[in-house]
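Engineer: Starting from the structure of chain A, add chain B where the hints point.
If you read the protein sequences in the order shown, they are chains A and B. Taking numbering that gives the first Met the number 0, the leading residue of the first sequence gets 0, the next gets one more, and so forth. Taking numbering that gives the first Met the number 0, the leading residue of the second sequence gets 0, the next gets one more, and so forth.
The set of hints was computed from the structure by calculation and includes no laboratory data. Careful, some of the hints might be misleading.
No copy is singled out in the list; a pair is fine if it fits within one copy or between any two copies.
[Claimed, not checked] Under the rule of at most 30 Å between Cα atoms (straight-line distance), these lysine-lysine pairs were calculated in the DSSO-like manner:
#1 K129 with K63
#2 K106 with K63
#3 K158 with K129
#4 K150 with K93
#5 K128 with K110
#6 K194 with K150
#7 K128 with K150
Protein chains: 2
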Amino acid sequence: MTKGSLFIISGPSGTGKGTVCSELVKNDNIFLSISATTRDRRVGEIDGVSYFYLTVQEFEKRIKDDLMLEYASYNGNYYGTPKEAVTKMLSEGKNVILEIDAQGALKVKEKMPEAVLIFIVPPSIKELKKRLLERGRESIEEIEARIQRAKWEFMQCPKYNYVLVNDNLNKCVNDTLEIINTTNEKQALIENLLKDI
Amino acid sequence: MTKGSLFIISGPSGTGKGTVCSELVKNDNIFLSISATTRDRRVGEIDGVSYFYLTVQEFEKRIKDDLMLEYASYNGNYYGTPKEAVTKMLSEGKNVILEIDAQGALKVKEKMPEAVLIFIVPPSIKELKKRLLERGRESIEEIEARIQRAKWEFMQCPKYNYVLVNDNLNKCVNDTLEIINTTNEKQALIENLLKDI
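One chain only, chain A, in its complex shape:
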């Protein structure tokens, strides 16, 4: 069986990458990796679906045992990608999506250089501010500060395999599907050539 490929989707919040990922997993053979976290479970969240909820002790044991593909700490809580689930799905020939930030993405790319990095950007910073304001979770000052923090992420774009502009959800999803198909075809092509060597 052809080995599946690993795709990492990043982008500042408000670019719609979460929605893109939800659409992608409606397709056969595309699966989202579930992150682990030590933060409290919120109302409506399901263990093993939204996140794997771990204690700090459990999380730190997994870091020590090298069971995390990448991890980071935000606001005193750990967030990370459990390695085993990802490698298992890949070995089953599945395409796996990680929705993680640029820092995590570049760490995974170091360990797995064959990972395909996709960065989703908004059509403009003005549009990004508008979307974040409409979401109504943060004040304009908080949004400005968030966008300032996103500057470093934008600067990592040249290290990504693909940069997609999300000005139309359907187009962005289709572009991502095309990247996944192209990657799978490339993999099949190489496997075919290797058979004859």
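Structural biologist: Frame of chain A, contents of chain B only:
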């Protein structure tokens, strides 16, 4: 000025990557990096055009001074990519092509993760053997051995940004030009977004 991008073209010999590179540099703003070597200059080769010819002592001094982006030794001779020429061209907004093997390509990618790696493959191993035989430089046994050695290179393909099949020179050149344009556009897009942060 928009910073130029670095493109690395690899592929087993007989895939026509040299011809692709010769076609690419006919375009404005695409430049080929000249490698350095300690091997003897052959008839018809020009210093600074075919290669930069260095003594072993000069080459090793440059390794020590970290002036080589990558280097390797084949048949007792050093071959490598001088760093300064590449970074100078990039800072001038030029697109730079390195035509190097997979080992060198992956070393450069480690140092410059924004480098775009393009692997050119033949349509089939049968066709590759045919092309190498027609070139008439090697016996079928030497060709078989060369293809065996190329196996590792093929296996590095998933780490490349793009894999192109060269079954038609014009198409392969145009596909490469499209990759260069897409990369430049992506760079310009991000620079524009960053201006507004």
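Engineer: Run every hint past the structure and note whether it holds.
Structural biologist: How the hints compare with the structure:
For a Cα distance limit of 30 Å, the shortest separation of K129 from K63 qualifies neither inside one copy, at 42 Å, nor across copies, at 53 Å. Taking identical chains as interchangeable, the C-alpha atoms of K106 and K63 lie at most 30 Å apart whether they share a chain (16 Å) or sit on different chains (29 Å). For a Cα distance limit of 30 Å, the shortest separation of K158 from K129 inside one copy, 27 Å, qualifies, whereas the shortest one across copies, 37 Å, does not. For the homomeric pair K150 and K93, the shortest alpha-carbon distance between copies (25 Å) is at most 30 Å, but the shortest distance inside one copy (33 Å) is not.
Taking CA atoms no more than 30 Å apart as the test, K128 paired with K110 passes in neither setting, with 34 Å inside one copy and 35 Å between copies. Taking the shortest alpha-carbon separations for K194 and K150, only the inter-copy value of 10 Å comes in at or below 30 Å, while the best intra-copy value is 45 Å. Taking identical chains as interchangeable, the C-alpha atoms of K128 and K150 lie at most 30 Å apart only when both belong to the same chain, with a minimum of 14 Å there against 50 Å between chains.
In summary, the structure is inconsistent with hints 1, 5 from the numbered list given earlier, while agreeing with the others.
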